[in-house]
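Enquirer: Protein chains in written order, with our numbering: chain A, 1 to 243; chain B, 1001 to 1505; chain C, 2001 to 2203.
Read the hints as simulated data drawn from the structure, not as lab findings.
Only a predicted model underlies this, so the values are computations on that prediction, with no experimental measurement involved.
When the alpha-carbon atoms are kept at most 16 angstroms apart in a straight line, the in silico EDC-like pairs for lysine to aspartate or glutamate are as follows:
{"hint": "1", "chain 1": "C", "residue 1": "K2194", "chain 2": "A", "residue 2": "E176"}
{"hint": "2", "chain 1": "B", "residue 1": "K1180", "chain 2": "B", "residue 2": "E1208"}
{"hint": "3", "chain 1": "C", "residue 1": "K2195", "chain 2": "A", "residue 2": "E176"}
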Amino acid sequence: MDQSFVMTNPHRINHIDPRIKLIHTLIAGILLFIVRSNAGVLLNVALMVAVLLFLGLYGCAVRLTIYTTVLYGLTQLLAFTGGMAAFIGVTVYIFFKFAPVVGIYYMMTKSISASELVNALEKIGLPRAITITLAVTLRFMPTIGQEMSTIKDSMKIRNIPLNLWNVLKAPLMMMEFVMVPLMMRFVKVAEELAAAAVVRGIERPGRRGALFKIKVRPQDFIYLLVVILYAVFLYFFESGVFG
Amino acid sequence: MNAIELKNVCFTYQGVKDTGLKGVNLDVKQGEFLLLTGRSGCGKTTLTRLINGLIPHFFPGELSGTVLVNGKDVQKASTYELAEMVGSVFQDPRSQFFTTNTISEVAFGCENLNLPSAQINQRVSDAFTAFQIEDLKNRSIFSLSSGEKQKIALASTYAMRPGIYVLDEPSANLDIHATKMLGKLLKTLKEQGATIIVSEHRLYYLMELADRVIYMRDGELLQEWMPEQTLKLPERELVEKGLRAFDLDMLTLPEHQLPPPSAPMPAFAVKNISINLSGHALLRGINFSVAPQDGQGIIGITGANGVGKTTLVKCLCGLLKRQHGSVEVDGHVLSSRQRAREMYFVMQDTDYQLFTESVEDELRLGNQKVPELEAKITDALAMLGLSEYRKIHPMALSGGQKQRVTIASAAVNPARILFFDEPTSGLDGENMRSVSKILEALNQNGKLIFIISHDLEFLLNTCRRIIHLQNGTVTEDFLLTEKTVDKLKSLLFAEPENNRQSSTK
Amino acid sequence: MENNQAVKKKLGIKDFVLMGIFSAIMFALAMVLMFITGVTPAVYLFYPAIFALICGPLFMLIAVKVQKFGAFLIPSAIMGILLGLMGAQTLLITVIVFGIIAELIANSGKYQDYKRISIAYIVLMLGFYAGDIAPIYVFTDWYIQQATGGVAGADMTYLNSLIGVAKSWLGALSVISCLITAFLGTVIGKRILKKHFEKAGLI
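Taking the hints into account, I'd like the entire structure generated from these sequences.
Expert: This is the structure in structure tokens:
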């Protein structure tokens, strides 16, 4: 989980303004409900694969291709087999429908750094209540797993191990044992982090500066244009204009 | 002009009965290096918070008197005005980062000041250059050691160009080498003319830099020394004042010799333990054994950060399952499940180890099957000086007291072999010595104790044997005598191996 | 000092950091639960219920610590934005709409009234459920249409009715269980706050 948010270099040719990526995400969300046919989903995924390749996320592009191919194969197989298999087919079908979203997930988590995202959201005018809070969320997400495993270790030492048997035997007690140290710890961390931010001037009202200036460059427009034209194409494709 | 002036300052935290500071008067000249020390809770942290404006802006309470920073009244100034004048670094490096990347972290303060991008870039790269930490550029903060994190924290305030630096126990979580490096950075700052105030328990690394040392007690400035004077303070006075040593070179073994433990000790042997973590061999071929007749009840485990001390201990006490080799107690090879029962591990962070609503419940937790439990609890609480806190919620206690609660639960637990991970990090001299005494008492009752630590003073006070890990294996294993004290010192002061590797990259 | 009094009504950095950290726990929890229950829609329908149970104490703590307008809306907006960025935009819309309603309910009791905080939380979790489960319903419908319209013929109608029954029964059951666990979550939350945080003097 450590690597999910990365630092990016804005001067590279394939660096796309995060705001443009936000618009892309929005379009992808709408397409999720417009694209009903399997062929449409496959076309939609094809664009996502191309985008991931353009952003240099080759591993993700490969994974997305495999994910989609396998699920598409399964939907076909299960539907043709009929009977109970088709019942399981619902699951596979839903996963298949979400394939473009998997691409979006890769794009948003692997090609945008946490601070870049926060800067972008600030730029589009979200209030500081949201941007600062979001920055903290992104900062702490990767540590949750670590904190949980420390608590699990600690519970094991104390002879109250977090295992299925104990959870079934005394669910509320186990929940308390996990949540109390976690909440206590985070309340303390929250206080210390807030103090560390205050002494570095976070309470200054007005605009915040940015280490990297975000500005829209020609390639951003081209990227956006491609995404929009493709979405329009998919819309007509679904309405049967081409068929 | 004085950089900082405090006139008759009194402060009481909201919702707290005791007064934090009682009529403090203090002038700090421009470019002066001031060291604040004293027992935990003596008010030195409160004093630092007055200077960086966290009091009264962040921690509410009752404040009287005046605090001037560069001639400005702290009460009237806003926190962001103060942020431009006073840079602060805190104790726990894990809770002072706002971002996940070192560059964004160093830029954070400048971004808040709304400087133009070009200037932020310039200042960020200046900060990395000034502290000679270019190798830390563009790293994930999760890949940094505690020492590296403190360097970044200091660089982040440096980028804001304050004239005054306030550091609150910055070395609490650092090993000796990292502490030395921190001292070097502070030297750089001092040479640039910065005014620096450090509140600390560990004082040795600042002796060359400090202009004045102030000893605080119960919210008052009690005594002031020149650094040379502190070196002449007799040990008796350090103990009485609850201080740690000012000079590590002077440290020797304690004179008193412990009698051999009254209860029989377990025989313990580690045979050929190897551990792979995420694909690479972290530890290989770890061997050591302790025989009951050796009379070495308390054993120190040392080694640089990241060498795998904690991983080894986790494996020994059965928390980590995948490993090669075996662990024997009294001649029997134990499975990891049996080990979890026979051994007990007190982890570094007390916060994760307190689950219940009172100190006594904490000691009962998981020990229901222990015979004569209530009597044992009463004994343990008395031994650790916690009897009066029996019904108190553990999280309402001070850091030193919490540490003692976790030790008390180890004392009540039937396990005969105990492991402790850095039990004295962040403790003052008094608490450190009391932990040492408590461990000796536990040992007398027949518990074999292993301590992971890089606290030289504590190790000398407590341990009879040292096992040193380096490059994933045991490189030194010796009894601690007059002759080997210097060896231990040189091991702890040595530059860690993994640091050397990364700097050559 | 008057200045300080005025500031107290507005959210401050302490509040943002607290909400941010607890949103991180909730988001991590949502991701883990989605991953585990994602095996099949029938199980997935119940993931909001588990989520509501565990997040109860977290939201109670936020409400008690923050006590200002935004205590419900901001954490849910953060969850919505993050999940929305990952493609679940129906969720972004519902949690914000239900978040505002929850905020108004909690605010009407000045964040002191336990009952209102509790109702606010249940409303919020209902929004979470709606936003998360809606696409599953839509896609299941599409699947049925597609299947009936085409490939396998006669025995598909039987299957469709099976899916239809499962949908309505499981749907109703999962909504109800989500409401119940959300309520349970607030009960446990209240207990933890009283037993630990109040006793330790942390709230």
